Each structure stands twice: as C-alpha cells, then as structure tokens.
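Peer 1: Residue numbers (numbering that gives the first Met the number 0), protein chains in the order written: chain A, 0 to 328; chain B, 0 to 427.
Keep in mind the hints are simulated off the structure, nothing from the lab. You may find that some hints are simply not true.
Claimed, not checked - Simulated coverage check for chain B against chain A, where a stretch passes if three residues somewhere in it have a Cβ under 8 Å from a Cβ of chain A:
id, stretch
1, 10-21
2, 113-127
3, 349-362
Predicted model only: the values in this text are computed from it and were never measured. Using N, Cα and C, we set each Cβ at its ideal position, and we do this for glycine too.
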Amino acid sequence: MNLLYATLGLIALYIYVSFASLLWEGIDRKLVARMQRRVGPPLLQPFYDFLKLMSKESIIPKHANKFYELAPVLALAVSIALLAYTPMGFAPLFATKGDVIVFIYLLTLIGFIRVLGAISSGSPYAQIGAQREMIILVSREVPMMLALFTILWRLNNIGVEKPFSLAAFYQRNIWELGTPLALIGTFILLVVFLAWLASEIEVGFFDIPEAETEVAEGPMAEYSGRHLALFELSNAIKMFVSASLVVAIFFPWGISAYVGLNGILALVVDVLFHTIKVFAVLFVSMSIFRAITGRLRITQAVQVFWLRLFPAAIIGSLILAIDLLGVIA
Amino acid sequence: MNGKIEYWVKIPIGPIHPALEEPEKFIITLDGERIINVDVKLGYNLRGLEWIAIRRNWIQVLYLAERICGICSFSHNHTYARAVEEMAGIEVPERAEYIRVIIGELERIHSHLLNLGVVAHTIGYDTVLHLSWLARERVMDILEDIGGNRVNYAGNMIGGVRRDIKDRHKRAILDMIQYYRQEVMPKVEEIFLYDPTVEARLRDSGVIPKRIAIEYSAQGPTARGSGIKKDVRYNEKLGVYPDLGVKPVTPKEFTGVVKGDVFDRMVVRVGEIWNSMEIIERALDQMPEGKIKAFPKDNLILVKLKKAEGEGIGRYEAPRGELIHYVRAEKGKDGPAKWKMREPTFPNLFAVARALVGEQLADVPVAIASIDPCLSCTDRVAVIDANTGKRRILTEVDLLKESIKKTKEINPNIKARPERIGIGRCML
C-alpha cells in the first residue's frame with residue numbers, strides 16, 4: 000500500500016470526521032431540544048464549546064498521577080487510529096483479513112483509557128464512574144461481538160475477498176441473502192446493534208457512567224480545559240465510528256454507482272452519503288432514545304445486556320445459522 | 000493509591016452537587032454501589048430568620064415568612080397568619096378563607112408539577128422535566144394574574160387576604176383546570192404510573208416503611224406515600240376545607256399497593272393534583288360574596304396586636320407536608336416576642352436517609368428529590384464559630400459598616416454613613 004496515500008487519507012478523514020461528528024452533536028442537541036419543546040443551543044455550539052475549552056486553563060488535581068494528563072491524548076490518538084479501520088462509505092484504509100478484531104479492541108481501548116484517566120484523577124466521583132464504565136464495558140461488548148461475528152461468518156459463507164474484515168460489508172451485504180428467516184435474524188441483530196450503539200455513546204438508558212445528577216459526570220469529573228476538550232473530541236469521533244460500524248453492516252449501499260460517478264468525486268459523494276446514513280442511525284439510537292428514556296441503575300443495565308440483548312443476539316445468530324444449514328426452509 | 004486499603008469509600012453528595020438544588024450534605028459510605036451508611040449534615044443555608052423576625056412588626060414578618068421558601072411562599076405566610084389570628088382571636092371572613100383555599104391549592108399544583116419534573120431530571124429523564132415545567136407555566140400565569148408575581152404573590156394578610164378573586168380570575172382558573180384535565184394530567188399519569196423507565200427506577204427505591212415513617216414523623220406526601228392517612232387539612236378540619244371534599248391521597252387508590260417507595264410518593268403527588276383541582280372547582284362554586292379582610296386598614300391590625308398577649312399556633316398542609324408556626328406576643332410590643340416554625344423537610348430528610356441504607360448510589364438523588372427537600376425552610380439555627388468555639392454577634396450597624404466598607408472598595412466616590420435605613424425601627 001502506498002504509505003503517502005494512507006497517511007494523507009487518514010489526516011483528511013480525521014479532519015472531516017471531527018467536523019461531522021461535532022456538527023452532529025449540535026444537530027442532536029437542537030433536535031432533542033425541539034422534542035422537549037425547547038429552543039436549544041445554536042447548531043455550532045459544540046464547536047464553540049470545543050474552542051473555548053481549548054483556550055481555557057486545565058486544572059490538574061493535586062493527587063493526580065502522570066496518566067491523568069496522558070489519557071486524553073491517548074484517547075484521541077486511539078480514536079484517530081480507529082479511523083483507519085472504519086468503513087466510511089468505502090472499504091477502510093487499512094483493510095486486511097481479520098481487521099475487525101483490531102477494530103473492536105481499539106473501540107474498547109478508548110473506554111479503557113477513560114477509566115485509567117478517571118482513576119488517576121483521584122476523585123471519588125470519577126472512581127465510581129470508572130467502576131460503572133468497566134461494568135458496562137464488559138456487558139455491552141459480548142452481545143455486539145456475537146452479532147458481529149455471526150454476520151461476518153454468514154457473509155464468509157457466501158464468499159468474500161477478505162474474510163472477517165470490515166471491507167467485506169461492501170462486497171456483500173447481509174440483506175441480499177433474501178430468505179425470510181435471514182431477514183428476521185438480521186432484524187433481531189439490528190436491534191441488538193442499535194442498543195449497543197446507544198450504550199457506546201452513553202445516552203438514555205445507558206447514561207450511567209457519566210450520570211450528571213449522581214456522580215457529577217463520572218470519569219470526566221476532574222477534567223477541565225484542554226484535557227476535557229480532547230476527551231470530548233475523542234468521544235465525538237468514537238460516536239461517529241460506532242455509528243459507521245452499524246451503517247456498514249446494515250446499510251452499506253453507496254450512491255456513486257447509481258449516479259455513474261468514478262474517481263475522487265465518487266469517493267466524496269460516498270463519504271457524504273455515508274455521513275447522512277450515520278446521522279440517520281444516530282437520530283434513532285441517540286436523539287430519540289435520549290428523549291424518550293431515562294437512566295437505568297447499573298444493575299438493571301447489566302440485566303438488560305445479559306438477560307435481554309445477549310439472548311436476542313444468540314437467537315438472531317441461531318436463526319442465521321439455521322438459514323444457512325437449510326434445516327427448515 | 001497509598002494508605003490503608005479499605006473496602007468502603009466515602010462519597011460526599013453536596014454541599015454543592017448537580018443532584019441538589021440547595022446546599023446540604025450527605026456523606027455516603029459505599030461498598031461498591033451499595034450504601035452502608037448515610038450521614039446528613041445541614042446548616043449551609045442559615046439566614047437567621049427568627050432573629051430578624053423579633054425585630055420587625057407583625058405585618059412585616061408576614062413578608063419575611065413569605066420569603067422563607069419560594070415554592071411554598073403562600074403556605075408559610077398563611078400558616079403564620081393563622082397563628083397570629085389564633086393568638087389574638089381574630090375572625091377571618093368566609094370569603095377570605097375560600098380565597099386562601101384557592102390560592103393554596105393552585106400553589107400545590109405548581110409545587111407538585113415542579114417536583115415531578117425534578118424527580119424525572121434526577122433519573123436522567125429530561126423530557127419529562129421540560130414538559131412538566133412547561134405545563135407548570137400555566138398555573139403560574141394564573142398566580143401572577145391574581146397576586147402580581149409569579150413566585151411571591153403575597154396573598155395573605157392577618158385577618159384575611161389582600162387580593163380578591165374576580166370573575167376574570169375565576170374564568171381563567173376554570174380554563175386552566177380544563178386544560179390540565181385534558182392535556183396535562185393524562186400525560187403525567189401515563190408517565191408516572193405506566194412508563195417502564197420510571198417504574199424501573201422509582202419502584203423499590205428509597206423505601207420508607209410505615210413503621211419508620213411514623214417513628215421519624217414523616218410529613219406530607221412522604222408519609223402518605225407510606226400509607227399514613229395524615230393531612231392537616233383533613234385531620235384538623237382546617238378553615239373551610241371540610242366542606243370541599245379534601246381527602247388524604249394514598250397510592251392505594253391508584254395502584255392498589257402501598258410500598259412507601261419513591262414511586263408511591265410520586266403517585267401521591269399525581270393524585271393530589273387531581274384532588275386540588277376538585278377542591279378549587281368546589282371552592283369557586285361555593286365562594287360567598289362579602290369582605291375579604293377583617294380589618295379595613297392595616298394599622299388597625301397593629302393597634303389590636305400591640306394589646307394582645309399570649310401564644311398561638313398555626314397549622315397548614317403545605318405541598319411538602321405539615322407546617323407549624325408558633326408565635327408568642329408580649330403586651331406593648333409591636334412584633335412577635337418569639338416566632339418558631341417547623342417544616343416538613345427536617346423529619347423527612349432523616350426518614351429518607353434511614354431508608355437509603357442498603358440501596359444503590361444511583362438511588363440517592365432520586366430518593367432525596369422525592370421528598371421535595373426545601374433547605375431554605377429547614378436551616379435556621381445557631382451562630383457558632385467552629386474554629387474558636389466563640390459566639391460572635393454582629394449588630395445591624397456592624398453589618399452596615401462592613402457593607403459600606405466593601406462598597407467603598409469598589410467605588411470610593413460613594414458617600415454614606417452607617418445609619419438605619421428602611422421603615423420604622425424594625426428594619427434590619
């Protein structure tokens with residue numbers, strides 16, 4: 000692979016995704032405000048927030064250790080690295096066999112770094128928040144991984160170029176199996192993924208680690224100034240990336256092929272169309288979910304994952320497997 | 000982490016915390032997410048009201064009483080007026096009693112809607128907060144129309160009320176009740192009785208069993224949520240309330256069970272809004288014509304009260320629970336010789352702190368919000384310097400001097416002498 004092309008592409012993606020994800024946060028705040036009969040902040044409020052935080056003094060707690068300052072930088076670095084493996088309307092930059100494992104690990108690593116930073120700050124609120132983040136982290140990954148691997152395994156069976164890679168979603172898509180059983184199974188897995196997405200960006204039911212009224216923003220309790228700004232940006236990118244995964248699995252269709260474009264223009268059109276799809280997924284999983292639900296207790300959230308979503312993922316996977324084996328149909 | 004390893008961690012909720020509207024402190028000892036001890040610290044909001052009151056005259060204390068708390072501002076001066084009336088044996092005209100009932104119940108509606116929103120906010124359900132506070136605007140508009148202000152509407156006077164309810168207000172109130180019946184209450188009931196999130200979070204959290212509610216002398220919706228039929232308006236046959244169909248609302252009428260948890264307290268509040276609307280309708284219907292004040296002029300009250308001697312107790316069911324005001328008069332003194340109030344938050348706070356042991360950390364904000372704490376009412380004692388143990392009293396002139404010194408630092412051109420300002424000799 001051409002190294003220069005990859006580096007430039009990564010930088011371009013980073014700049015674009017930063018803008019798009021912060022813009023979505025503004026749109027989301029405005030939409031939720033309208034649902035709640037409020038006026039809401041200006042559309043560009045997240046940008047103003049980010050710039051203001053960057054210009055402000057960052058207060059470091061007396062008992063914080065070095066990792067406290069390192070964590071925001073690492074979190075942002077990991078989210079940028081994640082962009083290289085994210086499908087953005089075309090196959091990821093570093094698409095290889097099995098890159099989905101790297102993707103999941105990097106996604107989890109951001110949460111893990113947040114936890115480490117929170118524990119380093121020495122604040123009791125941050126520690127409680129970190130505990131909650133860890134608990135929900137281990138609960139939410141299991142149903143999502145099961146669903147993701149099932150879909151990849153199923154796609155494998157109809158033949159793709161790079162098995163177990165995120166690029167596979169753009170060669171074949173799960174809806175083209177077409178049989179009724181497969182449609183049901185895929186739909187169940189879609190629900191699992193939407194719930195996972197809501198938990199990944201911590202809204203509605205799953206706003207537990209950062210519960211403002213309980214633990215005062217949890218892991219972020221002590222962060223301020225530039226450090227907080229970096230965390231906010233990395234969270235925004237993580238939100239976009241997680242939604243991109245859902246879009247890539249369930250709604251991978253491009254638009255450039257139909258319009259008959261090619262070259263760089265097709266790339267741009269595909270990225271823009273992908274962004275619109277991401278916004279649509281986030282609208283369901285973030286804005287509506289945030290407006291119509293409250294926060295659960297941590298025990299209830301764990302129960303939702305292990306007793307509802309995990310069985311749902313198993314059932315969805317079994318249905319897909321039965322469809323392949325042809326036992327019923 | 001250095002030092003001895005402990006299996007518990009202490010979390011301070013407060014004095015300033017996003018879950019709390021007012022400064023109070025709960026030191027919570029946690030084992031994981033489970034609470035093993037709750038320690039309540041009060042006294043961050045001392046204003047020395049009783050001290051101020053004995054330097055004012057009877058009518059000025061009325062306005063002071065109103066400013067104890069913004070949300071139940073009518074309840075406080077109503078209770079105080081009742082205490083003074085009982086002490087001096089003043090007869091209140093019947094129309095005035097009806098107007099007191101109407102304003103008091105309007106206040107109950109707005110207070111309960113506020114608390115429903117606050118509880119929803121503490122469980123992260125901000126949509127309910129915004130919608131219930133939006134609904135609350137309507138009743139506040141009515142209160143503004145009647146009293147002139149949204150919050151401190153200064154309705155009461157010793158021996159009656161200051162403002163009449165005119166036909167215009169009557170129509171507006173009936174419109175408002177229709178709006179609440181049709182638009183607001185079905186939605187509120189749907190959310191607080193049937194919504195899965197609300198049920199998951201509020202059921203079985205912050206349980207105050209009936210026995211503990213009695214032991215800790217819980218008041219208001221907190222007590223009624225635990226199944227105690229305790230309502231001053233009903234038990235004491237207060238004023239004209241017995242004619243108006245007032246009843247203590249318990250969750251049993253709505254859900255069939257009484258558990259004494261946060262959910263039950265919210266159900267009681269929803270039921271009381273319904274009950275208040277019925278009371279207002281009946282009161283508007285039965286309200287007789289006549290005068291609204293026992294005394295045509297305010298100075299006549301002062302003349303009568305200057306001769307009075309003795310003590311009086313006023314009781315009223317504020318939205319949060321029972322209020323008791325005690326006043327003692329000495330002959331020849333313009334104002335109260337002693338004024339003491341007892342608010343519902345104080346016993347409720349300790350009842351809920353007791354109930355929180357064994358629950359999860361996530362339940363703390365919602366359980367505290369569910370008793371509708373009003374710390375402005377509760378904090379009122381003592382001037383003791385914690386460092387030296389000394390008691391220091393600043394006189395009015397000292398405070399004025401300090402204030403002028405501070406003002407001069409900001410703007411040296413101001414010319415002022417430390418002298419008493421305000422009305423009469425009673426102003427601080």
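Peer 1: Hints numbered earlier in the text: which of these fail when held up against the supplied structure?
Peer 2: Every hint satisfied by this model.
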